[in-house]
Each structure stands twice: as C-alpha cells, then as structure tokens.
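Undergrad: Spelled out from the first residue to the last, the chains are:
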Amino acid sequence: MKIFTHLFLFFGLSVSFAHAQTEQTKPSRWRTTVQMGIQAGRVRPDQPTAYPYYGDYIYLPNYYNYSSIRPAGNRIGLTIHTFIGYTLRPQLITGLALGVDYYNNSAFLPIAAAIQGDLFGRTKRLTPFYSLESGYAIAGPNPHDNELKGGWLWSPGLGLRINKGNGTGFLISAGYKHQEARQVASVDGVQVLSQIENRSYNRLFFRMGFSF
Amino acid sequence: MKAYILLLLLPLVYLTSCTDNCEQTRTYRKYTSVQLFISDIRQPISSAPPQSLVEPGKLYVKGQYLFIVEVKKGIHVFDNSNPANPRAISFLPIPGNVDIAVRDNILYADSYIDLVALDISNPTAIKEVNRTETGFTNGRVGRTYWSYDKQTMKIYDQREEIATETVKTDCEGTFNVLPYLVPIAWFGRYYESFAFADVAYNSVSAPTAPTTGTGGSMARFAITSNQLYVVNNSSLQLFDITDPATPVKGKTVNLNWNVETIFPYRTNLFIGTTTGMYIYDVVNPAEPKQLSAFSHVRSCDPVVVHENYAYVTLRGTSTCGVAGTQDVLDVVDISNLTAPRVAKSYPLETPYGLGIDYPTLFVCQGNKGLSVFDASNPLDLKVQQTFANVNAFDVIPLSKTLLTIGKDGLYQYDYSNPVALRLLSKIDARQPN
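Protein chains in written order, with the working numbering: chain A, 1 to 212; chain B, 1001 to 1433.
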C-alpha cells in the first residue's frame, strides 16, 4: 500500500515539475505555496479533584453524569496550508494564508495575514525562509457543532526551499502555532446553568509542499 | 549548513509550551448533603425579628395578615392591612417548612416530618401549641430531597446552591449531546462509552412547588370544613381540626401519581399531579372518595376551578415533565365530575400557578411574567394585559388585590380594573445568587 502512495507522489511531483519547467521562466511577483503536514502537541489529563470522583470516573453535573478520566497524551493532527503572496522584495512577501488544521477532534479553518521572506538574501538552490502569520480561524467540523467558535491564531515558522530555478520549488518547514477557540456548551438550564470552555492549542508543525 | 540546521531546530525551543491550555468554567447547581438531628428541629418555635426575603415560597393570606414561606427556613409574617404598604411583623424560624394553612387563630406548618400548630392570635408573639407527626418520612422541596431515618433520629437533607467552578481540561470538551465520531475521530479520541447510553435521559428532578396561598393554586395544604388535607408526593393525609389547636391524624389516601398541588372547591378536592388531575368528593370530609382521574402528558400542573371549568396549566419544560411537551393552559369541562374532558387548550409559555376571580383569570409565567385573561367565556379566553417584567410563580386574587409571588419578591396589584392593573407595593427578595 505504502509503495503505491510513494509511486503516486513521485509521479505526481515529476509531472508537476515537468509542467512547471516547460513554462516560460519569467519570475512572477506572485508566490503561492501549498504545504501539508502534521502538527503535534500534548493535552492535559482530566482533574479528578474538580468534581466528585468515583473510581475511574468523575461525576459531572450534566446529562451524562459520569465521565471517565482522560489521561494526558500526545495529539497529532493534519495540517494543510496555502499561502498566496505578493513579492515586495525577496525578503518580504505579503499575503494571505488559508488552510485546514486539526486539533484533537476539532478542525479549524484559519484565515490569516501572513508574511514570508527569504533569509540572508540568498537565492541559491537552497534558500531558507521565514514565515509569520496571524489571523482568525473559524471552526470546521467538530463534535460540538455550532457550540465551538474559532479564535485568534498566530504562527511563526522557518523553512527551506529547494529551488528548481524557474520560480518553483520544493519546501519543507517547521514552526509553532497557537490557536484559540471557545466552546459555549448547550446546557439543560436546570442542573447546569452555563458551561464555557476557553481553549488555547499550542502545536509544533512540520509541513512540506511546493512553491510556484 | 550547520546554521540552517540550527535554525530548523529553533522551533523546538517551543516544545516545552506545546501543551494545550484549556479552562472550562461551569455554573451549576451544587447539592451538599446536610444532616439535622430531629431533636434540634423540634425546638419550640416562637417569633423572631423580621428578616428579609431570600427564597420566597408559598403565600398565604388570612385576614389582614400575609404569610410568606421562606423555603425550608420559616415564615415571614406581614401586616397587610394597607396593601400599598405591607409591614413586616416577625419571622417564624421553622426548619423544613414549605407549606402553611390557617384555621381561625391556628397556623399549620410542616417542619420535615412534623405538622406544627402555631397560635397566631397575637401575630407579634406567635407560639407553638401543638406538634404531631405527619407520617411522611421523605419529601421533595424544589430540586432537593430529604428523608428521615428513625434509627439515627436524623433528617438527611440537601442544600442547593449555584456554584461556579473553573477547571483545566484536556481541550476536548465534555459532551451534552451525542459526539461526532466520523470522519475526524481518528485525529482525536472516541467518546463512545457514556454518551451513547441514555440518549433521551433528561435530568430527573423534583417538581417545583414554590408558592401557595388562600385559593393559591400551588398549595399542598388545604382546609375544608373540619379537615386539613396535606399531600406529599404519593399520598393524601387527613387531619381532623375540629379543635384547631390539636390536629388529629386521620385517614391516609394513597395516590399513585406524583402529587404536586391540592385545590379545594366546594365539596371537591382537585389534586394536581405531574401526570394528571384527581377529583375527590369530600361531602364526608373525613372520607374522601375518588370520583375520577384525569390524565394527560407528564408536566407540571396546578389547578384552579370555577363553576363547571377547571383551569390547568401544563408546563412541559424544565424541572418536571418530558422535554418537548408543550406549555399549555387547558380548560377542562368538569360539569360531569366523574368524566372530565378537555374543552379547550391555549398555548402559553412556561405557565406556573394561576388564580381566578371570575371573570378574570391570572396566570403566572415564571420569568416571562404574568398574564391577565378575561374568562367570562372559558372557551374563548382573551388576554387583557401582560406583565413581562415581573417574576411570578403563584397568584392570589383577593378582594380586588392581586398578590403575586416570584423569585424577586411579592407584588401587590389593584385589579379593580382588570384591563389596567395598578402596582400597589412590592416586597423585595434578596436574591441569594
């Protein structure tokens, strides 16, 4: 199975590179990057002291009164990231970043203002670059439906572009992402009067993709 | 080249802060268990200085005096000879008190398992004259439940309070609804274990019976002729009060449904339950005879009666009833007491207690206020006035003065003109939360 994936990726890449190479090599002021990867972080365990505690379960004042204690753990989620920017100078490309990020069991769709730029003004085969973005993510598919609202995000990152020499390139990047969100849970209004969860996700991301 | 690798590793510095920070703030009703020795509860009761209302319960009017129950704490006594300016006289500390009724100069009040008779001939110095056991060893007050244990001679009660707690969570939420499992569950955890059980489970809590009064629709005490009728959850207890100062325990009638209210009208008792209404014949007051049981969907429902029509409010939402039940005001034709039937249903938001002074019908709507209807034709009720800014649970229409009680206190209105009620006075309740 894995081999097919690799073959598919290989041919896919070759085709797109071949296509890019046949184009007229006039450097465009516009740069688009498409990247995909993972973002990793940790969650805290449930606090059994917060509510009455019975064995491995805590008693919650809601509909499903008992809930098992959830341990701390690592969480890895998918991230798809696109950037469309205008090159003011090679060191400063301003634009918009869009994508899909998965945190635990909830997806978010970030819309952020972003800047990218080449570091050290070096435009050789290997060009390191930085990226910085800040914006808002709207809640995507998640278990809480409309109860979950997105929030502010910011994300710094560093990457390496392997230039093809015609304005296209292969990218790898890594960085940090902070995403806020808020869940206003629906409550029965009798036993539970309100329940609000303010979330802030902190993740490391590792992505790879293309630039053209 | 080394420099790049270092740069790539730079984000790893953040690794220490890659843990999610989530805080859940939850406001909920917290129940703390309380144990009381019966000997402490049975201390003789006497008047204390007036106190401010905190959690007003039932309402009772006797002559110029006004009695407002402070739920499970006691009774506020007011001199209401001038409804525009009610004057606080005293406070009677009675633990576990919920219901009251007055015959002549004797006030009957429940105190957990006891029925206390108090002499109110001098309202400034009320004193206990008698105490008998009701025979009820458990009961529900609002959302709390109490029971008596004979072995330990203790009352086990609950204290309800609204608590707000903030806890750190794992950012994955707790679910009040079925979780969303596919297709993203792979990236997180499954929430199968508890959420699937009891999908339709609604937090079952006690029917609230907050207020009452003379002709109050939410009373659990009723007096006709020489009998005091006391209802608890599942039975009707009679007390002979031929001599008011010494109530004598009489017959017990078992009722199957969750009894909430009792309303005496002429020679009948109308008992409101969560699943319907019982009609009892009390031609012989000591021997109530069931005439009929009128059932409907499960909901909260006080009853008032005028002539051939009973007015029943059904509140499907919140503490009693099944979610999704409609909130309605039913007009029940009781011209044939053995076969009552619904003559007409009016949709009405969150109806609580109600009162009738023909041809005017008053219906409390909790937080939604109070509605005044023209009931000259019960089959065609017309709204005359609504008050949205009051909190009303029960009403007593009494010789052109309307007393309504709710969470925020007691309002008195002059309803000589039923189209334009005039606020006479208000006794404020100090909200605990």
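Keep in mind that the hints are not guaranteed to be accurate.
[Claimed, not checked] Coverage of chain A stretches by chain B, computed from C-beta distances (three or more under 8 Å per stretch; other residues unrestricted): (1) 88 to 100; (2) 160 to 170.
[Unchecked claim] 30 Å max Cα-Cα, derived DSS-like pairs, lysine-lysine: (3) 149/A <-> 1030/B; (4) 1030/B <-> 1368/B; (5) 1344/B <-> 1062/B; (6) 1154/B <-> 1127/B; (7) 1289/B <-> 149/A; (8) 1400/B <-> 1344/B.
[As the list claims (entries may be wrong)] Using C-beta positions, here's what the derived DEER-type ranges look like: (9) 1347/B <-> 71/A: 45 to 53 Å; (10) 94/A <-> 1023/B: 28 to 36 Å; (11) 1023/B <-> 98/A: 51 to 59 Å; (12) 1165/B <-> 72/A: 19 to 27 Å; (13) 1168/B <-> 82/A: 44 to 52 Å; (14) 208/A <-> 1033/B: 33 to 41 Å; (15) 1382/B <-> 98/A: 54 to 62 Å; (16) 138/A <-> 1023/B: 41 to 49 Å; (17) 182/A <-> 1052/B: 33 to 41 Å.
Keep in mind that the hints were calculated from the coordinates and are not lab data. For each residue, glycine too, the CB sits at the ideal point set by N, CA and C.
Undergrad: Which constraints among the numbered hints does this structure fail? Numbers only, ascending.
TA: Numbers 1, 2, 5, 7, 11, 13, 14, 16 - these are the hints that the structure violates, sorted from lowest upward.
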